[in-house]
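If you read the sequence shown in this note's numbering, its first letter stands for residue 1, the second for the next number, and so on.
These aren't lab readings, by the way, just hints derived from the structure by calculation. There's no promise every hint is true.
As the list claims (entries may be wrong) - Here are the in silico distance ranges between beta carbons for each label pair:
1. Tyr139 - Leu161: 25 to 35 angstroms
2. Phe281 - Pro13: 42 to 52 angstroms
3. Glu168 - His102: 34 to 44 angstroms
4. Leu221 - Glu125: 19 to 29 angstroms
5. Leu161 - Lys29: 28 to 38 angstroms
6. Tyr139 - Asp58: 14 to 24 angstroms
7. Asp58 - Glu159: 23 to 33 angstroms
8. Leu161 - Asp68: 46 to 56 angstroms
9. Phe282 - Gly92: 45 to 55 angstroms
As the list claims (entries may be wrong) - In silico DSBU-like pairs for lysine-lysine, Cα to Cα no more than 30 angstroms straight-line:
10. Lys266 - Lys288
11. Lys29 - Lys142
12. Lys120 - Lys231
13. Lys17 - Lys29
14. Lys170 - Lys231
Beta carbons: idealized from backbone N, C-alpha and C, even for Gly.
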Amino acid sequence: MPKVGIIYNDLKPVACKAAQDLQTQLTEKGWTVVLETGRGGLLGYSHPESPVCHTSIDHLIPANFDQDMAFAMVLGGDGTVLSAYRQLAPCGIPLLTINTGHMGFLTEVYLNQLSEVLDKVIAGEYQVEERTMLTVQLYREKTLLWEALSLNEMVIHREPLTSMCHFEIKIGRHAPVDIAADGLILSTPTGSTAYSLSAGGPVVTPDVPVLQLAPICPHSLASRSLVFSDKEAVSIFPATPNRMVLVVDGNGGCSVLPEDRIHVEKSRYAARFIRLEEPEFFRVLLEKLGWGLPHIAKPTSVELP
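Please build the complete structure, drawing on both the sequences and the hints.
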């Protein structure tokens with residue numbers, strides 16, 4: 001029997017009901033359905049006294065989700081989608097993203113469209129778009145303390161009651177640089193429309209093989225966002241006596257002490273999005289963020305030159 005997975009946000013009644021309805025429909029069509037909540041991809045936070053509070057990347061795969069699964073579906077908002085990819089990217093399962101949230105920037109269809117697209121997906125009438133993910137690791141000397149997959153971004157920032165921080169950053173073979181700022185954002189092209197955008201970084205289309213480094217409130221006019229090849233690994237050394245916080249995809253993370261080192265590189269795993277039509281990134285920018293709208297409303301009653 002063909003097998004399909006469903007990951008859903010169990011904190012949203014609409015997602016829970018949709019998951020149950022989908023399970024019934026697919027079972028009647030002869031599919032084996034495996035249900036799992038998005039909680040398994042939540043990272044949680046470690047504590048300064050116990051920084052080793054994480055699950056290895058490969059151990060987040062839910063039970064019975066494997067390469068025999070034709071595809072999976074996720075029901076929720078962007079947070080649930082990010083969580084689902086941390087769970088499924090290591091086993092390469094393509095994911096249909098269904099919006100039951102608000103913005104839904106990463107989702108392919110809305111819940112009210114699901115009935116009309118389900119048969120197409122079952123019949124394999126879709127494309128798979130692969131997007132870059134990051135492997136984020138925290139080391140103390142040679143000991144790995146914490147790691148996570150990231151689809152959007154990794155952020156390191158100061159704690160609320162501390163002052164501006166200094167960071168020594170080494171990108172690939174290039175000479176290290178020092179940046180004074182409240183924090184740093186290292187993002188994928190997918191993450192360029194998330195926190196990095198709010199911090200003044202450029203929008204990068206998902207097919208461009210680059211990463212982006214954006215300082216948060218830098219104390220220098222020369223410290224601007226930097227776009228560089230995703231073949232380059234990044235090492236970040238805290239050059240400050242203050243403890244800092246590392247966060248991945250706005251979800252969870254760990255404390256970073258002055259003697260620690262953060263290592264970030266393009267992951268060998270990719271996020272595999274099911275697309276029902278040829279991906280059109282500019283249309284999503286227009287619909288979700290209003291990119292390209294005219295800055296002056298033009299009344300339809302007036303004939304313009």
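Structure versus earlier hints - violations, ascending order: 2, 4, 5, 9, 11 and 12
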